[in-house]
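Enquirer: In order, the protein sequences belong to chains P and E. Anchor point for the first sequence: position 21 equals 514 in the working numbering, and the numbering is continuous, going up by one each time. Anchor point for the second sequence: position 27 equals 84 in the working numbering, and the numbering is continuous, going up by one each time.
Some clues are possibly wrong.
[Said to hold, decoys possible] Straight line, CA to CA, 30 angstroms or less: simulated DSBU-like cross-link-like pairs of lysine-lysine: (1) E:K129 to P:K1047; (2) E:K143 to E:K181; (3) P:K968 to P:K1050; (4) P:K1165 to E:K129; (5) P:K690 to E:K214.
[Claimed, not checked] Listed next, the stretches of chain E that the computed footprint assigns to chain P, with coverage defined by at least 3 CB atoms under 8 angstroms from CB atoms of chain P: (6) 278–287; (7) 300–312; (8) 333–339; (9) 345–355.
[As the list claims (entries may be wrong)] Taking beta-carbon pairs under 7 angstroms as the criterion, some of the chain E residues facing chain P (in silico): (10) L85; (11) N101; (12) V139; (13) K143; (14) V150; (15) I151; (16) L153; (17) G163; (18) I221; (19) V260; (20) I327.
Derived from the structure by calculation, the hints contain no laboratory data. C-beta: ideal position from N, C-alpha, C; glycine also.
The residues making up each chain are set out below.
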Amino acid sequence: MNKLKPIWRALLLLLMGGFVGYALGVGLDALIGGTVDFVAPISGVFSLLGSATAFFFGLIGYRGITKGLVYQIIGTFVGAGFVTAIRAFMGLETFGSFFFTEPAWVFGGLVGTLSFLSGVGAFADWYKWAKGESTPEHHQDPEGFIKYFGVSLDHKIIGIQYTVTSLFLMGVGGTFAMIFRTELAASRLQFLTTTFKAFDQNGLQFYNTLMSLHGMVMIAGILLGVAGMINYLAPMLIGAKDMAFPRLNAFSFWIAVPGALLLLSALFLGGFDTGWTGYPPLSTRSPLGIQMFFLGVYMVGWSSILGGLNLIATVVRLRAKGMTPFRLPIFVWAAIATSIISLTATQLIGLSFQLVMFQRLFDMGFFDGTRGGNPVLYQHLFWFYSHPAVYVFVLPGLGIISELLPVFVRKPLYGYRWVAMSSLGIALIGFLVWAHHMFASGLNEYLRVPFMYSTLLVSIPTGVKFFSWVATLWKGKISTPTPMLFVLGGIIVFLIGGLTGPPSATVSTDLHLHDTYFIVGHFHGTIFGGYVFPFFAAIYFWFPKATGRRMSEKLGKLHFWIMTPSFLVMTFAMMRVGLLGMRRRIADYDAMLGFDLTHLITTIAGYLIFISVAIFLYNLFHSMNHGEKAEGNLWNSRSPEWLVPSPMPVHNYDQAIEVVGEPYDYGLAGSKYVDFTNNK
Amino acid sequence: MRHFVIVGILILVVASLTYIGLDAAELLPTQASAEAISIDWLLNLNAIAISFLFALILVPLFYSLIVFRRKKGDTSEGEHMVGNTKLEITWTVIPLIVVVIFAYLGTYSLAEISRVNPQALEIKVLAQQFSFSFEYPAFGIKSKDFYVPVNKQFVLKMESRDVIHSFWVPEFRVKQDIVPGRVTELRITPILLTPPGEPYRVVCAELCGASHAYMFSSVHVVSQEDFDEWVAELQNIAAATDQTPEGRGEALSAQNGCLGCHSIDGSQSIAPTWFKLFGSSVELTDGTTANADEEYLAESILLPGEKIVAGYETTLMPSMEQLNEDQIADIIAYIKTLK
């Protein structure tokens, strides 16, 4: 087995680990239930954990993430066993339909997460400090790809870890979407029928689980992708050696890994049927999966909060000499705006989820009307984060658009200060609009009016961005390599998403549009335009900086030209059926409505997007080792990271940077953004 | 200057074409309520604004891409334009004015659709997983279909027995969530008769569990005479069925939503069918079989979680604890007739 390449060894072990985990799960289930059930949920969880662990064991041996996973499995058992023992002692039910009882699973999930962090080594330096030992300021990372699978304090490695994890999660979330889009291709139930059975769920329930997980897995993926871009780019762009708190940075990344696993385990532990919003009372009646969903998101939320804190501290403290606020790269402004939101709003979704968890575990009636609680209160808490959250997704993306446009247009970013302030403006107004998700919720009738005003106001700073982009393009010298194509695609798609916002903001029209496919089309437009397209643009643009090689232009263009038209068709089709009366989140629709053809087209377009992303992934992994070598200032950018060798040196800049000009003065002869000084 | 003139003309052309396209695409269901008129009017204004802004951004974008693209071999830089404060203020202030106008129009439209008619017909809506039922207190009747007279405002007083649901008839446009523990209201004035044989549908628009997709009832907007006739018919039936246990049982099954999940003709559904159920032997999840007699049925109505039929483990049936002993006996009497 040692003769095999690590990746093949890893895949082989993945299969074996899956089987062993599956057998273990079936065995445990038989032990408790007395009958052998081959599609029982426990075997699913154990296969997931077993195969993930075995995969990384094959790839890198027993260290880093493998060690973390082993610790997580053991920790989960210890935590769950502890609660089970207490319950047995108290004379309560000790085993439930998912082997352990619900409280045992929740506590096990919590202990498992902390064990993972301990196993992977995210606490290592802090342990030593607590014992009075000193640690080096920077740790030497191992050579080769192995450094990505363990704790590293280098912001560039953490950025790549975030990005790859994000791509993985979005791939999983996309696969879920493909499964339920296939079911939706025609009316009536085709394969997710009432006789279908998987992990203790019938077809309808499985549909709801996949649909709900698609939402939240994508959100987790996007949050990690945002953190990936910010971590990789921000210190480099402001001339810093690293983030302000490298250990906290590593902790923020690694807590998201067990969090994501918990989130995915919801699929196997009975699933949940609430959508990603988890509204009670439905979520207080859902199967165990909802707890894993809450707990997983809770952990990923920590990543977001601490990441936001770190970025703000970094920008405030570690800018290069002469980098005054209005000489900051525009992406950094967007990163600040995003970080303000993640630092101050994420707590609200964590708390709202925690309250439902406590309602389930300890029978506290927070959202139970019969006991003085209020189900609508949950919606306020939830949307107070979850609306600004969409700005967490799109602001960095819009920042990427503003950052890259000048490079490919060879002109300054038009109205730099206005663009910078518009990001902050969107972030701040974003805090005042949450109740527009609740126009039909039974909210006080008159309260809907101020929220309509505040929601429509978001269009002002957003408009400033669009006008600035168009003015930047005007009379430029525009070239369109792959990153620029994705920037332009992002502008167009985000425009579609943005323009469909106002009809959903004016109350009376929203009473028709709310909870329909129109909204689904609208937000997929904003997220694709504001996040997905710019994210791809950023990867195509900075991939050479990270690897020293270029991605294939040919495949990149193919990716773009398949994805963009497919996406536009998909989003327009969704909006059409929504306007005509198609509700969100339904597994089946009536043939009488005449939506079959539009849904078939939507599904085909969805598949094409999936295929285009597969092409991208092939391009990404193939180009790492086989791409054309890239040296020097590939895109002829003014930004400092292109003035030093690729891949970026370990501590970024050997010589300190001094900012001596404006960041985007393309076309101004003799102007310079940065200078290297020797006085370190 | 030449560029601006061309772009200006193109913007107007593209905006007009976009609006004509949107208008011709027939993107809305039948306009069947007074509220729909106000909402469609505002949607139309939105469509005009969307068409204009769509063109305003995309025309100069594509124009620049074509006209200002880099020619082969050209390595020069673009024009050094960094911004223009007056222009920035213009494109901040004009949209601000438009936004305030839109918000005002939105408020106006909201006021219009919230207008109260004190003579409105009151209808109680009871929602539960996964069915609606309707009660007309003025006439003392209950129904699982929704009948309303045309051109007369009705007010819904809506309650939920379990989770959040939402009342939505796309043809009427407006929707309102139904929140457990409180009564929510919705006022609608239907203005169009439903075509015979093609009723509208009220659907649940808020995800409410596994069979959310199947939570709907039919909606009939009829003339005042037809409505009176329907009321009289239901009153007669109610009076007649009140005489027999089977009749009362049938009415109870409809009102309590049983028939939303249990079919009476043997067709597959999310719950075991009632067809030929009485006296049959039923396979349970624990591997045993039970005889579907009076005792078993009564237990299953009150304590649905006790004995679960194999294959139906995953769908929760709410306990029908609101029913008294006589009512349960009536329902069982009704189930006995289904053979």
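Enquirer: Confirm or reject each hint.
Expert: Each hint, compared with the structure:
1. E:K129 to P:K1047: Holds: K129 of chain E and K1047 of chain P sit about 19 angstroms apart, inside 30 angstroms.
2. E:K143 to E:K181: 58 angstroms, violated
3. P:K968 to P:K1050: Given pair K968 of chain P, K1050 of chain P holds - Cα atoms ~24 angstroms apart, limit 30 angstroms.
4. P:K1165 to E:K129: Holds. K1165 of chain P to K129 of chain E sits at ~26 angstroms (cutoff 30 angstroms).
5. P:K690 to E:K214: 39 angstroms, violated
6. 278–287: Not satisfied, violated; 0 residues make the cut.
7. 300–312: violated (count 0)
8. 333–339: violated (count 0)
9. 345–355: violated (count 0)
10. L85: Holds - the Cβ of L85 of chain E comes within 7 angstroms of chain P, reaching about 6 angstroms at its closest.
11. N101: 10 angstroms, violated
12. V139: 5 angstroms, holds
13. K143: 11 angstroms, violated
14. V150: It is violated, given that the least Cβ distance between V150 of chain E and chain P is near 9 angstroms, above 7 angstroms.
15. I151: Since chain P brings no Cβ nearer than about 9 angstroms to I151 of chain E, farther than 7 angstroms, the hint is violated.
16. L153: Since chain P brings a Cβ to about 6 angstroms from L153 of chain E, closer than 7 angstroms, the hint holds.
17. G163: Because about 3 angstroms separates G163 of chain E from the closest Cβ in chain P, which is inside the 7 angstroms limit, the hint holds.
18. I221: 6 angstroms, holds
19. V260: 6 angstroms, holds
20. I327: 6 angstroms, holds
Hint violations for this structure: numbers 2, 5, 6, 7, 8, 9, 11, 13, 14 and 15, all remaining hints satisfied.
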